[in-house]
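*Asks:* Okay, here's what each chain looks like letter by letter:
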Amino acid sequence: MDLDFSPGENAFREEVRQFVNDGLPPHIRHKVMNGIHLDRDDHVLWQRTLHQRGWGGVGWPREFGGPGWTPTELYIFEEECAKGGAPRLISFGLKMIAPVLMVFGSPEQQARYLPKIMSAEEWWCQGYSEPGAGSDLASLKTRAELVKSSAGDHYLVNGQKTWTTLGQYADWIFCLVRTDPEAKPQRGISFLLIDMKSPGVTVRPIITLDGAHEVNEVWLEDVRVPVANRIGEENQGWTYAKFLLGHERTNIAGIGIAKRELARLKRIAAAEGRLDEALFAARVAQLEIDLMALEITNLRVLSAEGAHQAPGPEASILKIKGTEIQQAIAELMMQAVGSAALPVGQTGVGPDYAANLGAGYCNLRKLSIFGGSNEIQKNIISQMIMGL
Amino acid sequence: MDLDFSPGENAFREEVRQFVNDGLPPHIRHKVMNGIHLDRDDHVLWQRTLHQRGWGGVGWPREFGGPGWTPTELYIFEEECAKGGAPRLISFGLKMIAPVLMVFGSPEQQARYLPKIMSAEEWWCQGYSEPGAGSDLASLKTRAELVKSSAGDHYLVNGQKTWTTLGQYADWIFCLVRTDPEAKPQRGISFLLIDMKSPGVTVRPIITLDGAHEVNEVWLEDVRVPVANRIGEENQGWTYAKFLLGHERTNIAGIGIAKRELARLKRIAAAEGRLDEALFAARVAQLEIDLMALEITNLRVLSAEGAHQAPGPEASILKIKGTEIQQAIAELMMQAVGSAALPVGQTGVGPDYAANLGAGYCNLRKLSIFGGSNEIQKNIISQMIMGL
Amino acid sequence: MNFDFNEDQRALADTVRRFVAKDYGFERRRAIRDSASGWSRAVWQELAELGVLAVGVGEGHGGLGYGPLETGLVMNAFGAGLLLEPYLAAAVVAPALIRRATSADFQDQWLPRIATGDSIVVFAHQDGRGEAVRAIDGKLSGRKTVVTHADCADLLLVSARAADGGVRLFALAPAAPGVTLRGYPTLDGQRAADLLLDQATATEVGAGDTANNATQAIDAALDIGLAALCAEAIGIMEATVAATVDYLKTRRQFGQPIGRFQALQHRMADMLLHQEQSRSMSYLAAMQCTNPDQKLRQRTLSAAKVTIGQACRFIAQNAVQLHGGMGMTDELILSHWFKRLTAIEMSFGDTDFHLQRFAAQLSREAQAA
Amino acid sequence: MNFDFNEDQRALADTVRRFVAKDYGFERRRAIRDSASGWSRAVWQELAELGVLAVGVGEGHGGLGYGPLETGLVMNAFGAGLLLEPYLAAAVVAPALIRRATSADFQDQWLPRIATGDSIVVFAHQDGRGEAVRAIDGKLSGRKTVVTHADCADLLLVSARAADGGVRLFALAPAAPGVTLRGYPTLDGQRAADLLLDQATATEVGAGDTANNATQAIDAALDIGLAALCAEAIGIMEATVAATVDYLKTRRQFGQPIGRFQALQHRMADMLLHQEQSRSMSYLAAMQCTNPDQKLRQRTLSAAKVTIGQACRFIAQNAVQLHGGMGMTDELILSHWFKRLTAIEMSFGDTDFHLQRFAAQLSREAQAA
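Chains as they are written, first to last, in our numbering: chain A, 1 to 388; chain B, 389 to 776; chain C, 777 to 1145; chain D, 1146 to 1514.
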């Protein structure tokens, strides 16, 4: 057993840190460090910056233009980016559809889509959830009917997707659709790539409790999707979907983000004099301790998974604990400033750092809901790991 | 709305307090105040003391020789007894079988059994749970076969009861037995009164994790029980059992006991200097606050129930919160003295008050298990109160 | 002892409940919230007509002369509606303060206007950090911060430290020279303001015992406000818990209503426990908030705020969680209940403040025993 | 970075695990516990033969020269068996202290005997309240309290405050004049003793840097002990969680295994979370417990003890709860795991002690930043 990173890994960490330090535009860092919403340009700019460095295909193997990092290097990369104030990666393209394309896509599909994900020329979003199909994804109802035509066979897609994160920025959406309504729920689903500019695609914002516009409804009305835009075989979409859900779970603990936010909490608490209160200091201490433990747990899972495997049910442990810690940090930051957190988004009232804490707390309630609610994760742990 | 007790109730409280103060033997008070196990004689002596005062039939109506108190007076009585260091009432007779006898027993049964409960001449215990039937009581397997005989019809009872609290002291056991094995689980059960001296009754101690002997297994092998010892009708036992379970739930919150133990916690914590620690003081404060709230909640439930009703599903709220508070107090007392709690039952090592804290903590784990586990109580709340 | 309300009290609560159901729907509230002022004087007049603005004013001044119990019933009934208008500030705290801290003349002048809704008086107490308001020669300078509803006040009552170190109470017109009000929306969609005072001319309004030190009167008025806030919280909790139960009964996943899942059932049971313990403490707070024994009063109110603050957090967070994504949407009133419950926890001293105040008193007493 | 153990390490753990499974069953343990001494020298000799008593002794003294990782593996493997013999005190803490705090002669004399099991040396450190042990002219007076396994020691090492205020280390024969050992069982079925010293003649054993102040060496040895205790806790947690999973799979109520009830499933998931977080911290504790940077070492160890202490409570309480009445019985080993987990939480500084130590350091650093 050896809990230290190798000299090579430490050098890599230093390299990433330096790159983030030098390459990350200060206005983006400022936003990230202070919990201010990023816009599309911020994300794109950072992705292009990475791409120019040859790091556009984060997490990708070399054969598809990625840097070919080990899981540990990827972990280090994401941790240093988060700590340095870089935006989260635009995961819908990089971490969700890209792995699916690499394994199940045709060479033509790979060549068409992957480079533009890396270069941030095309923004992807996810069309999984539906109003009636959240945790119970397999009950989805969006239908795709195959239409034979001399202009090329295509699907006619009708239905509604929801909780489409940053769908308002997206050029493409990958969708689960039902192609065989007679089959059992998990059969008869296909996996389509749909151009958001197609006639019949409508994006409607969902405003969340923090006043932000992060998620959307996507309505699909008689949308024509060429058969060539289908991943793999018809009615086999559930297989690809499950594969994708596995990959979505890399870096699910968000250690780097939690470390950055914990440091912010400590700065704020110190500035507010709250660390002199034994009760408050103990709460901060508890979170730091939980995070120390989670970091090791994350490294253990990483090391057990080996090189190219998708995360197993152990990732559920990381999801639960990671989101709980992030939520608790946001809650404690808000508590630290007390009623100064009430004037939301107001500068010049309380200290500047107080302005976004209320919205931040509200926004992060999503963490235990999205990406498989923490209740679903506990089902997975008890059933898949413990066999109950 | 008026949260004050009436002048009459306050006078009654004073009367009880005075009586406990004067009438409770000091060696019993000492044991109760310091968490030391009581023996049979302690319980009997206290019950006889009450009986001499005319208060033997606590909670009973006047027609059966009880003092005919209102539910509020009963509440006050139990609170003052607990705070004054009196033993818990021997509930198996007074609060469990007695109400059943009063409502469903024959006049002969009432005359035979009730007076000796009041005078503590006969000790009762409960034969409900079986090794395979705990929370799922209706799955009980103990069988009673009706045997016609010239010497008088009787049942032949075979089976095993368990978790029989203080069964080692008991003269009588009231038992649920299956008289019709063909019927659905809740039908075909009868309610028998069995003399513990009957041939074929064996009591075997169960030692619990605190080293105490509080509970027992009761084995019944070809035990002859006269038909006259059956309550009500054959195969209607479930009705009587449910009635009894309702009555068992009076004073389920244990406010008086919790107040007494909280006061002990504060004395110990002060002696240990732990109240100077903000963290520890906040924990004690939290418990005192929870108890303040529970006391009002208890009075609300009491007042909503009216005079002679058995507690409804709201009693589940009292059970959960009451047991949680008592367990937390015991835990915090143990924590207050730290490693001085390790030498169990040793005097002259740490301070005297430390000697029983470890065993007390262990013993009270039972509170959330027995009397309908807290998980069962949550089922009741969500299903019976909230309709889920 | 009894926990029932009398006929008058039930009628009062019904009046407010009907108003919320009929005239203060979610859509109207949204329109008001999105308006420039963020509140509605029209609503204020409707409330005046219902008589509820007179609850906190004595009969001698045209009010109803009700106590904290009736105030609590009104606040409780407003709960689910998330009233944006300054009821707590202007119809509860202000008259309570005026009755305790101001001269008879001042009372005669303002209390009737409060009862009729003609004037909105707001008390500004919390000093800005390092900018405490001081009174020098009848002029006030300094900052009051996050004063709820200060920007809709016709008159401001301002606490200020005098040269002799005592706390005095002053009345101030918002339009007076040297007064700057910076209004803004708060997390819960209500309004608050920072009040910047630069040599603002104000009238001292203290009377009798409070002429030299208004601290006790201020504490007493704020304690009445705190009890009222607790009652509001219960109303929101009830609505939140009930809506979540309904959602669990109708929302289906994996072939059954999600309310059949035991883990969610137990969460709901925990929410109900919090709600009922909070309700108990809200009753106790109403009964004790006017107790002249300050120690006992503060002990009870701190206990109530701790219980209710923790319940606010627990119920709000879990209601959103159990609603899943839907709970996160601005479109559902649930998310607005969430935010108000969150804001309530932070108001009138947060849970930690009150837990520590309670603990400090407990430690002193236990160590003295 | 890797989390794998090498072949030697795995073999060592297997040896102990086999011993527990084969030779230290619940019945044998019960007989030992109920014996007059409460432990078994025969078992001690068996352990010596297995070589595990030599783990903490350097190769120069006939030991295996292993580190905290190997010690942790042994302790972890002992966990489920609830060893009553003084392994932690005599085979971990004592040699660690002797190596750091005593003269070469003393080491040469005692370390080989520890490795072979011929001598049991126990360190007595915790002073009785108001009865701190003081050394005056080489005579010790005062009381050490709740010294685990002191009553089975062949030699006692005793910390004492000297006239110059420094802490010194002394060796003492239990049978020496002025020494009274009062042994008793502890909550977890193990043994401890109070050590009463009245002008007891003792030999100072400090060497080099520690001659004047043994505090650092004592801290270092106790930190090694704490890391070992953490590893033991993980072993018990694993056994407890696994037994509870098994119970939930077999125990039926309402027509199905109770493990099908979602509320219990989620409780088990929470228990697993505690266990895995604890395991992580136990690894970190093993890696850091010999770090010469005392600040970092204590920070890590406190974090580990907090995580593990909380897990001890959570897992122990819920395992009993989920076992229902059965979990309360002395007959099931589960209740003994419960008690040992409870005792571990209270040993080497309880959760509160370590949380506050960690918090104090955090506050200092954050405020300095």
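Rather than coming from a laboratory, the hints here were simulated on the basis of the structure.
The model shown is predicted, which means the values in this text are computed figures rather than measured ones.
Misleading hints may appear alongside valid ones.
Only pairs whose alpha carbons sit at most 25 Å apart, straight line, appear in this in silico PhoX-like list of lysine-lysine [unchecked claim]:
#, chain 1, residue 1, chain 2, residue 2
1, B, Lys-647, C, Lys-915
2, B, Lys-585, B, Lys-504
3, B, Lys-572, B, Lys-483
4, A, Lys-31, A, Lys-95
5, A, Lys-259, A, Lys-184
6, B, Lys-585, B, Lys-419
7, A, Lys-141, C, Lys-1071
8, A, Lys-31, A, Lys-197
9, B, Lys-529, D, Lys-1440
10, D, Lys-1394, A, Lys-259
11, B, Lys-529, B, Lys-630
12, A, Lys-83, D, Lys-1440
13, B, Lys-504, B, Lys-572
14, C, Lys-1025, B, Lys-471
*Asks:* If a hint holds in the structure, say so; if it does not, say that too.
*Replies:* Taking the hints in turn, this is what the structure says about them:
1. At roughly 53 Å between alpha-carbon atoms, B/Lys-647 and C/Lys-915 are farther apart than 25 Å, so this suggested pair is violated.
2. Using a Cα cut-off of 25 Å, the hinted pair B/Lys-585 and B/Lys-504 holds, with the two alpha carbons roughly 16 Å apart.
3. Distance restraint check for B/Lys-572 and B/Lys-483: the Cα-Cα separation of roughly 29 Å exceeds the 25 Å cut-off, and the hinted pair is therefore not satisfied.
4. Between the alpha carbons of A/Lys-31 and A/Lys-95 the distance comes to roughly 23 Å, so the proposed pair stays at or under 25 Å and holds.
5. The hinted pair formed by A/Lys-259 and A/Lys-184 fails the criterion: a straight-line CA distance of about 44 Å is larger than 25 Å.
6. Taking the CA atoms of B/Lys-585 and B/Lys-419, the gap is near 30 Å; set against the 25 Å cutoff, the hint is violated.
7. Restraint check for A/Lys-141 and C/Lys-1071: not satisfied, since their Cα atoms lie roughly 62 Å apart, outside the 25 Å limit.
8. The suggested pairing of A/Lys-31 with A/Lys-197 is violated, with an alpha-carbon distance near 30 Å, which exceeds 25 Å.
9. Taking the CA atoms of B/Lys-529 and D/Lys-1440, the gap is about 62 Å. The hint is violated against a cut of 25 Å.
10. Between D/Lys-1394 and A/Lys-259 the alpha-carbon distance is near 39 Å, which puts this suggested pair outside the 25 Å criterion.
11. Between the alpha carbons of B/Lys-529 and B/Lys-630 the distance comes to roughly 17 Å, so the proposed pair stays at or under 25 Å and holds.
12. Taking the CA atoms of A/Lys-83 and D/Lys-1440, the gap is near 24 Å; set against the 25 Å cutoff, the hint holds.
13. Among the hinted pairs, B/Lys-504 with B/Lys-572 is inconsistent with the structure: their alpha-carbon atoms are about 36 Å apart, more than 25 Å.
14. The straight-line distance between the Cα atoms of C/Lys-1025 and B/Lys-471 is roughly 44 Å, outside the 25 Å bound, and the hint therefore fails.
Hint compliance for this structure: hints 1, 3, 5, 6, 7, 8, 9, 10, 13 and 14 are broken, all remaining hints hold.
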